[in-house]
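Counted the way the numbering used here counts, the sequence shown spans residues 14 to 42.
Keep in mind the hints are simulated off the structure, nothing from the lab. Careful: at least some of the hints might be erroneous.
Stated by the list, open to error - Cβ pair distances, simulated, as ranges:
1. Asn15 - Glu40: 23 to 29 Å
2. Glu40 - Met14: 34 to 40 Å
3. Met14 - Tyr34: 23 to 29 Å
4. Val16 - Glu40: 35 to 41 Å
Ideal placement from N, C-alpha and C gives every residue a C-beta, glycine not left out.
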Amino acid sequence: MNVLIIIGIFLVVLLLIYLIYALLNAEDF
């Protein structure tokens, strides 16, 4: 695989985790 593809997938996964974490925190408030 190309390094750029691996970095791209990593950034997408990181973004999804951030969005899920933000939604879970929104429920607490």
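Do the hints match the structure? See the list:
1. Asn15 - Glu40: 23 to 29 Å: violated, 38 Å
2. Glu40 - Met14: 34 to 40 Å: holds, 36 Å
3. Met14 - Tyr34: 23 to 29 Å: 27 Å Cβ-Cβ, so the 23 to 29 Å window holds.
4. Val16 - Glu40: 35 to 41 Å: Between Val16 and Glu40, where Cβ atoms are some 37 Å apart, the hint holds.
Checked against the numbered hints given earlier, this structure breaks only hint 1.
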